[in-house]
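Participant: Fit chain to chain and form the complex, with the hints in mind.
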Amino acid sequence: MVQIFKCRILENSRVGQNYFRMIFAAPQIARESRAGQFVHLRCTTSIDPLLRRPFSIHRMDRDKVEILYRVIGRGTAEIAKRKAGEIVDVMGPLGQGFEIPKGGEHSRAILIAGGIGVAPMVMLAEEIKKVRESKCLQCSDVTSEITESFGQRVRVLIGAKTKKELLCEKEFKKSGCEVKVATQDGSKGFKGLVTELLEQSLTTHNAPPARLADCQSLTRGSTRRTTIYACGPKEMLMKVAKITQKYNIPAQVSLEENMACGIGACYGCSVKTKNGYKLVCKDGPVFNADEIVWKDEYQPGS
Amino acid sequence: MKNPVMCASGTFNFGEEYGKFFDLKKLGALVTKTITLKSREGNLPPRIYETPSGMLNSIGLQNPGVEMFLKEKMPFLRKIGIPVIVSVAGETLDEWTALVRELKGVRGISAIELNISCPNMKMRSGRARSTMFSQDADATFEVVRKVRKTTNFPLIVKLSPNVTDITVIAKAAQKGGADAISLINTVLGMAVNLEKRAPVLDAITGGLSGPAIKPIALRMVWEVSNAVKIPLIGMGGIMTARDALEFMLAGASAVAVGTANFINPRVIPQIIEEIKKYLVKNKISNINSLKIGTAPIL
Numbered sequence: 229m230v231q232i233f234k235c236r237i238l239e240n241s242r243v244g245q246n247y248f249r250m251i252f253a254a255p256q257i258a259r260e261s262r263a264g265q266f267v268h269l270r271c272t273t274s275i276d277p278l279l280r281r282p283f284s285i286h287r288m289d290r291d292k293v294e295i296l297y298r299v300i301g302r303g304t305a306e307i308a309k310r311k312a313g314e315i316v317d318v319m320g321p322l323g324q325g326f327e328i329p330k331g332g333e334h335s336r337a338i339l340i341a342g343g344i345g346v347a348p349m350v351m352l353a354e355e356i357k358k359v360r361e362s363k364c365l366q367c368s369d370v371t372s373e374i375t376e377s378f379g380q381r382v383r384v385l386i387g388a389k390t391k392k393e394l395l396c397e398k399e400f401k402k403s404g405c406e407v408k409v410a411t412q413d414g415s416k417g418f419k420g421l422v423t424e425l426l427e428q429s430l431t432t433h434n435a436p437p438a439r440l441a442d443c444q445s446l447t448r449g450s451t452r453r454t455t456i457y458a459c460g461p462k463e464m465l466m467k468v469a470k471i472t473q474k475y476n477i478p479a480q481v482s483l484e485e486n487m488a489c490g491i492g493a494c495y496g497c498s499v500k501t502k503n504g505y506k507l508v509c510k511d512g513p514v515f516n517a518d519e520i521v522w523k524d525e526y527q528p529g530s
Numbered sequence: 004m005k006n007p008v009m010c011a012s013g014t015f016n017f018g019e020e021y022g023k024f025f026d027l028k029k030l031g032a033l034v035t036k037t038i039t040l041k042s043r044e045g046n047l048p049p050r051i052y053e054t055p056s057g058m059l060n061s062i063g064l065q066n067p068g069v070e071m072f073l074k075e076k077m078p079f080l081r082k083i084g085i086p087v088i089v090s091v092a093g094e095t096l097d098e099w100t101a102l103v104r105e106l107k108g109v110r111g112i113s114a115i116e117l118n119i120s121c122p123n124m125k126m127r128s129g130r131a132r133s134t135m136f137s138q139d140a141d142a143t144f145e146v147v148r149k150v151r152k153t154t155n156f157p158l159i160v161k162l163s164p165n166v167t168d169i170t171v172i173a174k175a176a177q178k179g180g181a182d183a184i185s186l187i188n189t190v191l192g193m194a195v196n197l198e199k200r201a202p203v204l205d206a207i208t209g210g211l212s213g214p215a216i217k218p219i220a221l222r223m224v225w226e227v228s229n230a231v232k233i234p235l236i237g238m239g240g241i242m243t244a245r246d247a248l249e250f251m252l253a254g255a256s257a258v259a260v261g262t263a264n265f266i267n268p269r270v271i272p273q274i275i276e277e278i279k280k281y282l283v284k285n286k287i288s289n290i291n292s293l294k295i296g297t298a299p300i301l
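Top line first, the protein sequences correspond to chains Y and G.
Our numbering puts the first residue of the first sequence at 229, with every later residue one more than the last.
Our numbering puts the first residue of the second sequence at 4, with every later residue one more than the last.
Next up, chain G with everything else stripped away, as it sits in the complex (with noise of 0.2 angstroms):
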């Protein structure tokens, strides 16, 4: 990676979208949609709502599964010239495997993201359900280590925020073989709308995301990145260069943007300038320098 921000998965679908407004080359990485297995249709609408400095969303996983990725996306993907982060979701940890046996080999991938936690999209196994696999430390370490098993590629595990202790699950995700960890993924929520006397999405409720979370996610960061050796990718409701910076801070090696892009199709590259000056003018040589604690930050 040549610069630490990378778009966070779902916001940023398989790229060509965004590259229309500016030179997808300037990512540090770019995250894909997750993919799953079997195409999924999604949940139906109302999928999203706009809340106080942030959005729910209930998307349900919409994507063209892992055959249809490989012989449409992938092709584009590659040409970009940056590492390419394929974010892949399961039911069970067979199909956690297969998935990720499906991209064995595949040019252009530079690391896996196991979507462990979208709050869309339920584990199906013999514990108790409706839960997701990042709500279970044990459930964690077991598809982690499945994965590990199945593939060479690097694992990044994207953890839940809605859980009691996030370093339990962190550690877990650190033993099954993770290398690294990225944080959070949306807060679970809910709107009402009181004329119609019914919840506002369909699905009831959703993940939360936009700046309305960045608190916690710094929180999280900070916590896990005590609790684990691995480096963190951190993110949500980053908007500026300085929300960048403040999760860097908290302990992260690496941040993602998510919610903005939706704002702003060009925050990414506008980010990393900022994040640039800022170095220059603070004479910083290495970002990874930057910790609380240890230097004055004006």
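Pulled out of the complex, with its shape left as it was, chain Y reads as follows (with noise of 0.2 angstroms):
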């Protein structure tokens, strides 16, 4: 359940240009949050600046929580100043993460990060790594080795600017994904955005696996369904949308939206879906992607 912590910073360090990682002790959020929750910080002790700042959980480790971010403002340049030792004031686990489909122990999954988006990422990359882990239900094998097999590592495709600004390809690496990465200027990986290596992954990797194992979840088509989880700027997600519905792929997007109160009281983060108006806070981050009303699908005088 929700609470309000006061958390020890265990570390709060750069890690580029303009990021930073910060590490509290917080066992609660440890013990209850999954994947693409997150935690609302105050800034300072002060009123100004006034409102908390929500962050994606990182990575958890037992009785700490990590954070990623970027300081793009007031909130996050005094975030950033906070030392090791002082004490945070962290409202957690907020919200409704990513969901590992049911039986999608088999299935491909791939995680698209752009920018700061990779941030929840890491943690999914982990729960997935760890679903893996256990045993297949049918042929009791244990399922990471038999979807190696069939090259169902989990992919990972990670978007930044320029080279400088990629983070966590390691950290994805350590968790036994398959990583991809896209640069804007072409200064590593592949030149472009990572939407449109996303096309190209789809278009030569959705071939049916060369040969089918015993295992009933496998012959039962299970490898041919791919979920996709993306995390990054608005366009990107947008642009992972339309191209999912494109190839009839489910997706997962992680959206951000100016935030107060963080438990759905006061309709600040309100993101317009198929079904009206929801919030970002309690409804999402996570939504899928084809319930959402993208921008450029807003009708006139609405």
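Mixed in with the good hints, there may be bad ones.
To give an idea of the chain G side of the interface with chain Y (calculated C-beta under 7 angstroms), a few residues [to be verified]: (1) G45; (2) P49; (3) E53; (4) I62; (5) G213.
No wet-lab data here; the hints were simulated from the structure.
Because the structure is a prediction, the values reported are computed rather than measured.
Quick reminder that beta carbons are idealized off the backbone N, C-alpha and C, glycines included.
Facilitator: Pasting the structure below:
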């Protein structure tokens, strides 16, 4: 259940040009949170900056919670100044995280991260890895071994402006993921947008497995089932939604919106969906991509 | 009311979210999010933006409408066992009366707050468009009088600071039959994004709240307290017990806490505790004896 905690900062260090990593002690949040959920931090103890700031949970380890963030304004600048040993006021865990589909151990997973959108994806990759470490209910083989023999490793596509701004490649590899990189200036990996890399990846990777195992869940075709998970700038998520719609692949996207309360009371962080407005803080931040009404689909006068 | 601290409308939804953080019984009263006759979808995002020591909002009175409110929210509110003040708003006089009629005889409601001052909802009448009821003394008088005739519930009228002279509007509300006045609603404001060369909020303008507006609110409570006889509920940027007590000194009989709930969902019970400590320490037996000039306050 969501609560407010006074947490000791264990580490708050720069990991890139404008990127920081904060680790704080929060046993209850670490126990209860799932990939895609977020924590809501007070920047300082003063009234300016006034509001809390929401951060995806990046990783957790027993009693520690880690966030990865980019300094983009006054609030995050204040948070970046906080030192190890200080106390930070944390509300969490909040929101609805990513949903790994039932029986999804065998199915393909593609994670797409744009810029600081890598933050929740590292925890998601770890969660998927854990699911796959369990034994297949059908054939009682370890799922990851089966999936890997079919080239079904978790695939991660990371997009960044330049090589310098590329984050978390190592962490994903540690979780056994296959990592592909796109940079806008071509300084590393594919030159272009990560969504272009996704399209390329789908056209070349969508062929059925070369051979089928005895495992029932494989022959039932679940290997052909793919789930796409994405977090990044809105334009990127919108493109992911269009591409996945074209290929008829279910996609989950983690959205961001200016937020005040974080608990569904103020109605500030609304997002237009096919079923009316929903709240990023309470109904999201993770939504099914086909549920969202993207900005280019707004009806005039609506 | 067992204490003078309530939540401000629109910052507390219908209480459920905050019930996870503290026992809602501790509230002096609960003021609901404003409800309208029919459900409202609200404005397009972005709806909020932080400003120095404050925030702008243009939620647009998103609410489920009175029918759903009575069916889905009222049972929870009734169970808490504290005074429930239902905030309502309409665009026309007929809408106001129809809405208030729907609340007739509903168990668990202690009073109705007329939100005639939401910057995101304008009145539709023969008068000039795009103004709030509370920006026009005659319109204020008319709506309060009409509603007064329609219901027996005590009426609290919530005023806007976006006027030349708030005492004129306050007097009109009193004359129309208001039992109390709550003030202030948000201050109209705007934020601009230099990079995009565009307004930040989709609705362009919004209502400013938070500590940034406290001096404006204190000034208006002081002015209105000298102009009307009915009690005042003061609000606008209250973050601490000290802020709340300042409003009492300026002339408020009770206070409402709004934006502070977003930063600290447990702020209201904390303010109540701090006020108690202050009263004990200063040997004040009646909180309403706190008035500017009545006693040396250290």
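Participant: Would you mind marking each hint as holding or not holding in the structure?
Facilitator: Hints and how they fare:
1. Using the Cβ-Cβ criterion of 7 angstroms, the hint placing G45(G) at the interface with chain Y is satisfied: the shortest such distance is roughly 6 angstroms.
2. Interface restraint check: P49(G) against chain Y, minimum CB-CB distance 5 angstroms, threshold 7 angstroms, status holds.
3. Among the interface hints, the one on E53(G) holds; its C-beta lies about 5 angstroms from the nearest C-beta in chain Y, closer than the 7 angstroms criterion.
4. At its closest, the beta carbon of I62(G) sits 5 angstroms from a beta carbon of chain Y; the interface hint therefore holds under the 7 angstroms criterion.
5. Hint status for G213(G) relative to chain Y: holds, with the closest Cβ pair at about 5 angstroms, below 7 angstroms.
The earlier numbered hints are all upheld by this structure, with none contradicted.
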